[in-house]
Amino acid sequence: MASVQDRLYIDKSDRKIVETFEERSYFNFKNKTQKDKFIFAMCYGYNSGIKKMEIKKKEEFFFTKNFNSKDQTILYSIALEHTGDVNVLNDINKVYEIAQMYAHIGFKILSDLEESTSIGGSLESKFEIELKETYEKIQNKR
Amino acid sequence: MDNIKIKNYRQLKDIDFDFNNDMERNLHLFIAENGAGKSNFMNAINWCLYNDEPLLDKDSEELPILNLETIENESSPYEVSVEIDVKNKSGGTVRFSRCEKYKNNSESGDLDLLEKDFKVMIINEKEMNPKFLKGDEAEKYVNKFVPKRIREFFFFDGERLREYFVESKSRKLSKNTFEISQIDVIEDVESHLKKIGKDLSKEAGKEYPDIEKIRSKIDDNDIKTDETTNNLEACQKQLEISKKKINELNSYLDNVPNIDKEREKINEWQDEKENKEVQLNEKMIDKKDLLFNYNQIINSFSAFKNALKVIKNKRNNNEIPQNISLDLLNDSLSDNECQLCKQPLDEDAKNQIEFEKSRKQVSSESANILTSIEPMIKTMINNINDFNKENRKINRDIKNLEEDIDRLKDKIKKKDKLIRGFDNEEEITYKFDELDRHKAIQEQNIGKEAVFMNKLEELKEKEEILNEKLKNAMEKKDNLKEINKKHNFIGEAKKIILEVKETIMKKVKNEMELETNNKFFDFIWKDHTFDKIEIDDSYNLKFIHKGSGRKFFQSASSGEKLLLTIAFTLALHSVSGFHAPILIDNPVMRLAGDNRENIMRVLSEVSKDKQIILMLITNEYSDEVKKVVNSIECQQYKIKLDDEEKASNFTEVV
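Quick note, the sequences are listed as chains A and B, same order.
The first sequence: position 121 = 121 (this note's numbering), numbered continuously.
The second sequence: position 549 = 549 (this note's numbering), numbered continuously.
For the record, the hints were derived by calculation from the structure and aren't laboratory data.
Even for Gly, the Cβ is constructed at its ideal location relative to N, Cα and C.
Mixed in with the good hints, there may be bad ones.
[Said to hold, decoys possible] Under the rule of at most 20 Å between Cα atoms (straight-line distance), these lysine to aspartate or glutamate pairs were calculated in the DMTMM-like manner:
#1 A:Lys30 with B:Asp289
#2 B:Lys288 with A:Glu23
#3 A:Lys12 with A:Glu23
#4 B:Lys288 with A:Glu19
#5 A:Lys141 with B:Asp386
#6 B:Lys288 with A:Glu22
#7 B:Lys389 with A:Glu130
#8 B:Lys288 with A:Glu81
#9 A:Lys30 with B:Asp286
#10 B:Lys305 with A:Glu136
#11 B:Lys287 with A:Glu133
#12 B:Lys287 with A:Glu81
#13 B:Lys389 with A:Glu19
#14 B:Lys288 with A:Glu128
#15 B:Lys287 with A:Glu130
#16 A:Lys32 with B:Asp289
#17 B:Lys471 with B:Glu212
#18 B:Lys288 with A:Glu133
#19 B:Lys399 with A:Glu124
#20 B:Lys288 with A:Asp36
#21 B:Lys393 with A:Glu130
#22 B:Lys283 with A:Glu128
#23 B:Lys314 with A:Glu81
[To be verified] Listed next, the stretches of chain B that the computed footprint assigns to chain A, with coverage defined by at least 3 CB atoms under 8 Å from CB atoms of chain A:
#24 287-293
#25 375-381
#26 386-400
Chain A on its own, in the form it takes in the complex:
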């Protein structure tokens, strides 16, 4: 049985995105922990609709001991929905693998969104519009 991994990774290319976001103070990134940045990207990536993206070169990002119960809840929920198999919950490394993939997706889309802001608007205001749309959809479904 494989040992439970004690740290999570991001794609090497995502490191640059994180640094850019910190420099430009997007989402108050410079005052957030690595774990929080990871969860942020993961959730955003998860809701993008993209279900697959390969991490080419892994780089350590933070230790899993930093997760709290709220983070774990999000991680498990996403893994459960991604696989459609409840047994994924028994495989924490798989849960982490799914989380890493969505974080990678998230960082990439955020980076694309940031690049598109040169055409008009700011990253955060575009992000806000998207978030509001998602929120409206949730409220309509309820």
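Starting from the known structure of chain A, arrange chain B on it as the hints suggest.
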């Protein structure tokens, strides 16, 4: 006024002007650009009569009284003179003439005054030789023409209209009622009687120490009264000076920003702006945090919903236990009581708990994870609801702060631009400091004035008590019968004189009030809301509102105030017997449109019986004014500066 001759007086180098008093209206208009010498024409009249120049502007103050062209082109000594011919009541002519001679001081380059002269020449048709008055006699004669202290109601400035009935002027008027009423003779009698009374008590005091003691107290009280009266007069004089100085500074500083204060204001706004910017920055960070935090729960929502669905299905299939902790189940069994509903456990209940317990122990790890994440998922789903409210609030706060900052930036920019427009910053700051200083002095003197007035009241009361004591003490002495008789007689005479004085003053005041009302309501051109005009004992004028009876003055319109000034002036002329002309500088400056025309009509009407001289600035000579004056026979002259701007000429308006 029949004629005025002005030589070398400021811009007015050589003027010999005949007032044509035989026209339909005795109305004379002088129209001039700023600086052409319009106000100095008024100053020349004042200088001739009273040896001062009340309307002198800042620029002229720094120049010599002599005409500049004369100084440059002619040789010293120079002479400046003004002669005014007026008609007296008996049809004769009175000539007031003042002249000063100057020579160049070759060392200092200044002009030295060589000699000055003021005289009045009275030419009566019946008498062959004219009569000359000089010195005090000449000054007294001027006061018969127009007393200096009330000249503002003969030669007045329409632009400073609002100051005419302010307290200090009213007080001055009230004091000068003696002069208006010409009852200063009665005052002389009163003081003479007082002196005789004092001499009598002095005589009595020689024989009786108790009488002498009271008498000497009365003397002390008199000395204190004189001192206090002098102090009060000095204080009131000082108040006049402050008022004049404040008016001068205010007119200099009209529309001029107080640069120091404005800069303080800018700094205040700058601080406020920086403070708002800090707040905005904090809000922006709050907003970033809000988006960051809500992203987690909003974008994971479908995963949460899915997880809850899985949990529900599993629970329905009994694949996961109820969401009750193992400890709770153990406690219920050991206490034999349900820990949730506090009911004792029967056998069925015990079995059910045992079953749940065993299911929990044997359920899979995944089932346990699902059970543990279920409450957190529900909490997060609930929290999503607050997103819109929180986001809206934060956006509103940001918008408000941004608007506040923009407003402050705009205010700072405008104020900064305003300050930059004035290059004589030092002088402006100095003038504002001066204004503050004079206001502070004025404030102090207002306080002092009240103290002196109170003290005078006290001294007056004390005087009455002491006089009563003196009277009683003297009456007790048998051998003072003769002195007592005289003393009592003097006392009675003083009382009568006082009553006469009060009666005359009251009569004058009542006549003034009646005349002012008559003139005002004769001339008012529109439906008005005044019931009448009231003049109190201190000569404060008030409009009485129809119906409500409310008294007001400052809230009346400029046109109404000017009309009241004219009505009051005419009443003053009529009651006092001073039949001098009325000169108004800038008569319609503060008026616009119909009000200009209305006031001009009133002045035109008044000029049927009285000489009216109006000094207008070019833009006052508007269509409304022309409409009135061009429809009547009157004199209209333009005052124009020559090309070198050193001498003015009068040319008739065609």
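task = Would you mind confirming whether the straight-line C-alpha gap from B:Lys288 to A:Glu19 stays at or under 20 Å?
result = 17 Å, holds
query = Has the given pair, B:Lys393 with A:Glu130, been kept, meaning a C-alpha gap of at most 20 Å?
reply = 18 Å, holds
task = Below or equal to 20 Å on CA atoms is what counts here, so check A:Lys30 against B:Asp289.
result = Holds: A:Lys30 and B:Asp289 sit about 11 Å apart, inside 20 Å.
request  = Assess, step by step, whether the Cα of B:Lys288 is no farther than 20 Å from the Cα of A:Glu22, and give holds or violated.
outcome  = Holds: B:Lys288 and A:Glu22 sit about 12 Å apart, inside 20 Å.
ask   = Is B:Lys288 within 20 Å of A:Glu128, Cα to Cα?
value = Given that 20 Å is the threshold and the Cα spacing comes to 10 Å, the pair holds.
query = Given the hint that B:Lys288 pairs with A:Asp36, does the C-alpha gap stay at or below 20 Å?
reply = 13 Å, holds
query = Are 3 or more residues of the region 386-400 of chain B near chain A, judged by a Cβ distance of less than 8 Å?
reply = Per the Cβ count (3), the hint holds.
Distance restraint between A:Lys141 and B:Asp386, which requires alpha-carbon spacing of 20 Å or less = Status holds; Cα separation ~16 Å.
request  = Decide if the proposed pair is consistent with the structure: B:Lys389 and A:Glu130, CA atoms, cutoff 20 Å inclusive.
outcome  = Measuring from Cα to Cα gives roughly 17 Å; hence the hint holds.
ask   = Quick check: the region 287-293 of chain B, covered by chain A? Criterion 3+ residues, Cβ under 8 Å.
value = holds (count 5)
task = Measure nothing beyond the straight line between the CA atoms of B:Lys287 and A:Glu81; if it is 20 Å or shorter, mark the hint as holding.
result = 30 Å, violated
request  = Take the C-alpha atoms of A:Lys12 and A:Glu23, compute the straight-line distance between them, and say whether it is at most 20 Å.
outcome  = Holds: A:Lys12 and A:Glu23 sit about 18 Å apart, inside 20 Å.
Taken one by one, the earlier hints fail for this structure at numbers 8, 12, 13, listed in ascending order.
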